[in-house]
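Peer 1: In case you want the letters, here they are:
Protein chains: 2
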Amino acid sequence: MHRVRTSPGTLLRLVHLQGPLSRAALAARMGVNRSTILALTAELTQAGLVTEEHPTGSTGAGRPSLVVRPLTDRAFVLAFDVAVDRLVAARVGLGGRVLDRRQAPRPRAGADLETVVDVLAGFGRELAAAAPGSATCVGAGASYCGLIRPGDGTVRYGPEIGWVDQAFGAELERALGLGRPVAVGNEAHLGARAEFERGAGIGSPNLIYLHGDVGVGGGILVGGELLGGDGGYGCEVGHMLVNPYAGRPCLCGSRGCLEAETGERALLEAAGRGAQAGWEAVREVLVDAAAGRPMARKALAEIGDWLGIGVASLINLFNPGVVIFGGTLREVYAAAAGPIADRIARHVLPVSRERTRLRVAALAADTTLLGAAELAFADLLSDPLRVAGRTTPVPR
Amino acid sequence: MHRVRTSPGTLLRLVHLQGPLSRAALAARMGVNRSTILALTAELTQAGLVTEEHPTGSTGAGRPSLVVRPLTDRAFVLAFDVAVDRLVAARVGLGGRVLDRRQAPRPRAGADLETVVDVLAGFGRELAAAAPGSATCVGAGASYCGLIRPGDGTVRYGPEIGWVDQAFGAELERALGLGRPVAVGNEAHLGARAEFERGAGIGSPNLIYLHGDVGVGGGILVGGELLGGDGGYGCEVGHMLVNPYAGRPCLCGSRGCLEAETGERALLEAAGRGAQAGWEAVREVLVDAAAGRPMARKALAEIGDWLGIGVASLINLFNPGVVIFGGTLREVYAAAAGPIADRIARHVLPVSRERTRLRVAALAADTTLLGAAELAFADLLSDPLRVAGRTTPVPR
Chain A
-16 MHRVRTSPGT LLRLVHLQGP LSRAALAARM GVNRSTILAL TAELTQAGLV
34 TEEHPTGSTG AGRPSLVVRP LTDRAFVLAF DVAVDRLVAA RVGLGGRVLD
84 RRQAPRPRAG ADLETVVDVL AGFGRELAAA APGSATCVGA GASYCGLIRP
134 GDGTVRYGPE IGWVDQAFGA ELERALGLGR PVAVGNEAHL GARAEFERGA
184 GIGSPNLIYL HGDVGVGGGI LVGGELLGGD GGYGCEVGHM LVNPYAGRPC
234 LCGSRGCLEA ETGERALLEA AGRGAQAGWE AVREVLVDAA AGRPMARKAL
284 AEIGDWLGIG VASLINLFNP GVVIFGGTLR EVYAAAAGPI ADRIARHVLP
334 VSRERTRLRV AALAADTTLL GAAELAFADL LSDPLRVAGR TTPVPR
Chain B
-16 MHRVRTSPGT LLRLVHLQGP LSRAALAARM GVNRSTILAL TAELTQAGLV
34 TEEHPTGSTG AGRPSLVVRP LTDRAFVLAF DVAVDRLVAA RVGLGGRVLD
84 RRQAPRPRAG ADLETVVDVL AGFGRELAAA APGSATCVGA GASYCGLIRP
134 GDGTVRYGPE IGWVDQAFGA ELERALGLGR PVAVGNEAHL GARAEFERGA
184 GIGSPNLIYL HGDVGVGGGI LVGGELLGGD GGYGCEVGHM LVNPYAGRPC
234 LCGSRGCLEA ETGERALLEA AGRGAQAGWE AVREVLVDAA AGRPMARKAL
284 AEIGDWLGIG VASLINLFNP GVVIFGGTLR EVYAAAAGPI ADRIARHVLP
334 VSRERTRLRV AALAADTTLL GAAELAFADL LSDPLRVAGR TTPVPR
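Line by line, the protein sequences give chains A and B. Just so we're aligned, residue -16 is where the first sequence starts under our numbering, counting upward by one. Just so we're aligned, residue -16 is where the second sequence starts under our numbering, counting upward by one.
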């Protein structure tokens, strides 16, 4: 964290992530005095980003400290999510609230860049047009289930849709026509950050987020920073090799990858639903298992065992404070926690797991969408006065 | 790196790691002017840590920039290594040169804390006593093959010798009687840093170091920082679960760990030498394989296959710039590079490996020993004038 702690961005980030805070609380968290808070708040108020108000529930005795509240309705981002079985777009207000959304079924394997961009850009324009006149768009971000080149939003590899080197960010930007770039991130990377900032990972800078989609994505924070690796392509937990000699084929062309053994296809085949696909079919397996149907229960035990094998290796490698299951794994984890815990108990060094908690994503189905929103807010939060000053008028 | 870049420590670190440098080169690397270099060098010269001299091989034409050389003979550390088959102690001079060393065979499983500490402390006292009168000891560091609690040098878990919660650092400090703490680190963590600073990993801040001993240790740098995890116990690559259903028993009590499939025991059994143990026996397998003996070749192919499986997962997870094989794996890698490369080609996503190089440890058998020395030099390099001012007289 090299940012100047007394900048307007620091204050705005605090109320954006934690909600309304009193001047006193802000002063304490930022380690500055109240006159500095007063000055920063005045600048942000003038830029139309926060307001000050009397706290609700104040008794009237004494002079309660005013609270600083982010103006959720005034500054928004457009967030896009190429998610499991659906394409989602949302208008997300400062403070992280989803104000409006659109979604469509996601085209399965074979969907081309143009189709996906057309659907998302159409949604984006609709959402922007439906925003109140007083609202301004301060950024756009998108979450995608593949390897993304840092900097330009190119999808280097997205086996689930079959994309290689597709200029997703640039095309979505062009089609949206907002005159500002669309920041693109890997869905699980964004999910990890979102759960760290607003969800089940608050306070856990060493965090592993596993995102179930058709496959399994991973987002890993080491000391609060995303594990990028040399080119930004780290965290590919779905392609850890867990079953090297008898593995199922993986969409990546290999065999025995964690996602091949635990993804949608593996679960549906183990449950005798090999002819089906998609999240609804997975949900039927979960319902069957909850009803005690043996084949569904066996399928979940099997998938849970492989998941446990992968998670055990990850805990030994990363000594994390928390492992979070998101996307479809949120519900799969709930149904397969037993075999996962078994493998962890058998294979993780006691010292390595003494402080590791297992959790499901607190942001539920919106983890990756909210991660894309945070990506879009990054510019504003790093320099609110500059960005709020040059916000784009909403096209109508 | 939050250190002030113009401190004496920055300059001393540069010449300590890179050897003698001209004032001009130092000014360029530190981004300061030559008068600042002059002042810093004067302070370090007065503290007895560096000297300035005319460069060797200067032609005499013009006035060549003086070079600043670390005084290797004046400031030293004691470095200890509980290494494969041996206990090593060394006096290592500023600049990282091993000036004197002692070693003994390492007691195999069952060696207690007292025995190991006695041997190492005896060596340490001998080395200190043999140092010239003008030399001062500025620190002590030790490398150990187990999980080390950050801060106090306690071995939380060391399956190879069977230690659990042993106060190794404190006991070695007491037995040495130098009046200064002994910093302790995991052998592979220290090896990773040493290869990054002085070896095959220079310039690669995203680095995986695999250290073969009886088992397999790992040291992983992410953005130049060691992957510590929540409690400092990350990087346990040896306990990645690579063979979950037909795995060999591991010293940790689990089965199918990477070190169970690739460690000394696995190699010797595959080579028909199940009754033997130790590095000499491993070396015989390597010699046999080089001579074309089928059983040894088959054993190395098998171990190489499992190593490749583990390394493939690690590259997908970390997208590293370099993977370095050290300890016994230095020679095992040289003999099994083929099967390792095969697994990487089959299982690593092309995008994830496009910049990953495979290397053997450049510091050869001294990687972990030099890592322990760097740990011991850390205090001096962070504040040379303070530490050089209160160095301990050598006990005689």
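Calculated from the structure, these hints are not laboratory results. Keep in mind the model is a prediction, meaning the values are calculated, not measured. Check the hints yourself; a few may be wrong.
Short derived list, chain A residues pointing at chain B, Cβ under 7 Å [what the hints assert, rightly or not]:
# : residue
1 : Arg139
2 : Asn189
3 : Cys235
4 : Trp262
5 : Ala264
6 : Asn299
7 : Arg338
To be clear about the criterion: a stretch of chain A counts as covered by chain B if any three or more of its residues have a C-beta under 8 Å from a C-beta of chain B, and this derived list gives those stretches [stated by the list, open to error]:
# : stretch
8 : 287 to 296
9 : 306 to 318
Don't be surprised by glycine CBs; every beta carbon is placed ideally from N, CA and C.
Peer 1: All hints are to be evaluated individually against the structure, with a verdict given for each.
Peer 2: Okay, the hints, checked on the actual structure:
no., hint, in the structure
1, Arg139, "5 Å, holds"
2, Asn189, "5 Å, holds"
3, Cys235, "6 Å, holds"
4, Trp262, "25 Å, violated"
5, Ala264, "27 Å, violated"
6, Asn299, "4 Å, holds"
7, Arg338, "5 Å, holds"
8, 287 to 296, "holds (count 3)"
9, 306 to 318, "violated (count 0)"
Hint violations for this structure: numbers 4, 5 and 9, all remaining hints satisfied.
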